[in-house]
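**Student:** Read the sequence shown against numbering that gives the first Met the number 0 and you will find it ends at 321, with the numbers running on by one and no gaps.
Derived by calculation from the structure, the hints in this document are not laboratory data. It is possible that part of the hints are untrue.
SDA-like mimics (lysine to any residue), calculated; alpha carbons at most 20 Å apart, straight line [claimed, not checked]:
#1 Lys320 <-> Gly309
#2 Lys246 <-> Thr209
#3 Lys320 <-> Gly85
#4 Lys246 <-> Arg279
#5 Lys320 <-> Gly224
#6 Lys320 <-> Arg269
#7 Lys320 <-> Thr278
#8 Lys320 <-> Val306
#9 Lys320 <-> Thr209
#10 Lys246 <-> Asn223
#11 Lys78 <-> Ala128
#12 Lys246 <-> Arg269
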Amino acid sequence: MRAVSEKVETIAAATDTAEQAGEAARAASEGMMALGAGLGQRFTMMIRQTAIGDRRTQDRLPAERDGTLSAGGTRLRVKTRDISQGGALLVPQDGETAMHTGPAKAEIDGLGTVDLAIVAVSENGLHCAFQTPSAAFQANVEALLAEVRSQLDPLIACARGGAARVEAAMSEALAAGRLTLQDLFDTDYRPIPGTDPEQVENRALAVLETLLPPIQEEILAGSNGMAFCAAVDRNGYLPVHNLVYSKAQRPDDPAWNAANCRNKRIFDDRAGLSAARNTRPFLVQTYPRDMGNGTIVWMREVDAPVVIDGHHWGGFRTAYKL
């Protein structure tokens, strides 16, 4: 009986070990899948910032229109988040969807019906390209874009003006010897102990903390409905944020810190890196902003590149709540 008992215990232990190994394998697999998805989005974004990799021929502008999408026998309600003459970002309105890449048909209020291809599915929605749109559909899209562009022109001017002021301030600091190019472009980010979420510093931080607040606070105070404005380097490092988002961190309160202590942080999500790596005169993007503690806010952002001594330093981000 003792031998049988020992065998049972051995089998039970082996079973537990196998189950633990299985759980570890599943967790590792899920982690790799999540990492792969994140890297895929970042790779797509970075390729899109190059002249060769950018397949878009028109800028997409934020515009919301209700519609329906039909594909593979499935029909669902959608809303456009942004649109161009060549395609649109469609967001399902009934929660999660099983839509995949492939051909589809959309009917969009005020624009009409169009065949399209779902070219990608992301956390932001369904990324779609129009397929042989009719002349009437194209005319309606062009009219909508003209209307949206007229509304965005002041925001674009604000972002580009902010970028120009940042460039001037940095250039003056370089000329005065307060900064070197090596310090300004320093990417040796040093973690600040005890911060959660992690904050980092580099050699330019001390000078930027004197240069940027007067510019950023004046623009924020003089805007109509702006949520934030800030300069970021090419890696998404945001050294100096608006004062309202630059509070001292609280110990053991990462959720509060995530919403209120957003300076000295690297925002290398899709929106952050798109703003940081963009070299076009301006970039308009719409995205969900994670404020921490489960709070998501949809944002409209207008960004402009910051170029110093012929080198792309990063971008100037201006954002508005939708």
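**Student:** Now tell me, hint by hint, if it's right for this structure.
**Tutor:** Tested hints:
1. Lys320 <-> Gly309: violated (33 Å)
2. Lys246 <-> Thr209: holds (16 Å)
3. Lys320 <-> Gly85: violated (26 Å)
4. Lys246 <-> Arg279: It is violated: about 33 Å lies between the C-alpha atoms, which goes past 20 Å.
5. Lys320 <-> Gly224: Holds: Lys320 and Gly224 sit about 8 Å apart, inside 20 Å.
6. Lys320 <-> Arg269: holds (18 Å)
7. Lys320 <-> Thr278: violated (24 Å)
8. Lys320 <-> Val306: violated (27 Å)
9. Lys320 <-> Thr209: Given pair Lys320, Thr209 is violated - Cα atoms ~28 Å apart, limit 20 Å.
10. Lys246 <-> Asn223: At roughly 23 Å apart (the allowed maximum being 20 Å), Asn223 and Lys246 break the hint.
11. Lys78 <-> Ala128: Measuring from Cα to Cα gives roughly 15 Å; hence the hint holds.
12. Lys246 <-> Arg269: violated (25 Å)
Hint check: violations occur at hints 1, 3, 4, 7, 8, 9, 10 and 12; the rest are consistent with the structure.
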